[in-house]
Amino acid sequence: MLTTVGSAASVVNPHISDDPGPALRMTATASLQRSGPALRNGFPPMSEVTLLVLDAKPPPRLGRLTGRARVVHADEASLAAQLPDADVLLVWNFTSDAVRRVWPGDGPRPRWVHTASAGVDHVLCPELVASDTVVTNARGIFDQPIAEYVAALVLAMAKDLPQTWDLQRERTWRHRETQRVAGTRACVVGSGPIGRAIERTLKALGVITALVGRAPRTGIHGPEDLDRLMARADWVVCAAPLTDETRGMFDERRFGVMQPSARFINVGRGALVVEEDLAQALSKRWIAGAALDVFEHEPLPPDSPLWEAPGLIVSPHMSGDTVGWRDELGAQFVELYERWEAGRPLLNVVDKKRGYVPGR
Numbered sequence: 001m002l003t004t005v006g007s008a009a010s011v012v013n014p015h016i017s018d019d020p021g022p023a024l025r026m027t028a029t030a031s032l033q034r035s036g037p038a039l040r041n042g043f044p045p046m047s048e049v050t051l052l053v054l055d056a057k058p059p060p061r062l063g064r065l066t067g068r069a070r071v072v073h074a075d076e077a078s079l080a081a082q083l084p085d086a087d088v089l090l091v092w093n094f095t096s097d098a099v100r101r102v103w104p105g106d107g108p109r110p111r112w113v114h115t116a117s118a119g120v121d122h123v124l125c126p127e128l129v130a131s132d133t134v135v136t137n138a139r140g141i142f143d144q145p146i147a148e149y150v151a152a153l154v155l156a157m158a159k160d161l162p163q164t165w166d167l168q169r170e171r172t173w174r175h176r177e178t179q180r181v182a183g184t185r186a187c188v189v190g191s192g193p194i195g196r197a198i199e200r201t202l203k204a205l206g207v208i209t210a211l212v213g214r215a216p217r218t219g220i221h222g223p224e225d226l227d228r229l230m231a232r233a234d235w236v237v238c239a240a241p242l243t244d245e246t247r248g249m250f251d252e253r254r255f256g257v258m259q260p261s262a263r264f265i266n267v268g269r270g271a272l273v274v275e276e277d278l279a280q281a282l283s284k285r286w287i288a289g290a291a292l293d294v295f296e297h298e299p300l301p302p303d304s305p306l307w308e309a310p311g312l313i314v315s316p317h318m319s320g321d322t323v324g325w326r327d328e329l330g331a332q333f334v335e336l337y338e339r340w341e342a343g344r345p346l347l348n349v350v351d352k353k354r355g356y357v358p359g360r
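Under my numbering, think of the first position of the sequence shown as 1, with each following residue one higher.
I should point out that these hints are in silico values taken from the structure, not numbers from a laboratory.
No experiment lies behind these values; they were computed from the predicted model shown.
For every residue, glycine included, the Cβ atom is placed at its ideal position computed from N, Cα and C.
Please note that the accuracy of each hint is not assured.
The following label-pair restraints were derived from C-beta to C-beta distances [what the hints assert, rightly or not]: (1) His175 with Lys353: 53 to 61 angstroms; (2) Arg64 with Lys203: 35 to 43 angstroms; (3) Asp166 with Glu245: 34 to 42 angstroms; (4) Ala152 with Gly256: 23 to 31 angstroms; (5) Ser315 with Glu48: 42 to 50 angstroms; (6) Trp165 with Glu48: 24 to 32 angstroms; (7) Arg169 with Glu224: 45 to 53 angstroms; (8) Asp166 with Arg100: 40 to 48 angstroms; (9) Gly63 with Thr178: 46 to 54 angstroms; (10) Lys203 with Asp225: 33 to 41 angstroms; (11) Thr164 with Lys203: 22 to 30 angstroms; (12) Arg247 with Lys203: 27 to 35 angstroms; (13) Leu161 with Gly206: 13 to 21 angstroms; (14) Ala80 with Arg174: 52 to 60 angstroms.
Construct the complete structure from the given sequences, taking the supplied hints into account.
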């Protein structure tokens, strides 16, 4: 029988990277095996393992772990008291920054943290980064859904669908010409699996796409090329992780680099964009339009000026959330848990100093 303890957290708005390579796999395995009673494959008997779940509703389906772990549920208020007794922490409530706020600097703590999200900025804190706790993420779940969402935005803006819907509500028949998508240029910022999926999907539409990453390599431009590529792009798509280096990277100067006919799309993290600068760029028509699926503060407050920014499409952090996505997240965690249980190297291991899972 699956043992569960505690109660779920309050309801939240659900949201919102492959094999990290031999070095991180070996480091992760060694780290997990160093702590705790080494009784089987470096781990305690699974019946003694405490799996702590930082809850959101609906809770994850963990039926496959029946009889193999003691599952304890926590909310934000009880997390700090329960962390020291946990072997594994599943951050199911990935909109919460409670882990970052209450992670213990010293003493007992989970040996493995898994967050059911692509981004890890909500869990990483200096104490966790400095510890030997392994962090994994939900890399691979959201790639294609987000790419499809970006493609839908590109098509909607190129074909002026927002204006068509407005005119329909007004019962107004107004013929217009729209933009051909094939042959336009896109600059995709963020070369992880989400960025690469966006690149593939836009290329399938005939968009000439350039991918920008942390460092130049085959098929990927480095940061030094970003301004040049943005200046030529019809579409600038942000799918980068939030780190100290990327925070606020899209600001007044960067929007000033873009063409007046260009559009900006952010499906990465809200804090990558200086939102006041984007609102100004739209109001002054420095750029033709934008679409934001992520925001610095979520939910977006009703009094935010972004609601009224001309040419801006606002969506509630839903670009990766397709039917069945929660089940996929739960199944992914169970598969990772079974690898951990068997003493096999974990996948999707985050480089905590960089703030993301390194690519191949």
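- Query: Hint numbers the structure violates, sorted upward?
  - Reply: 6 and 10
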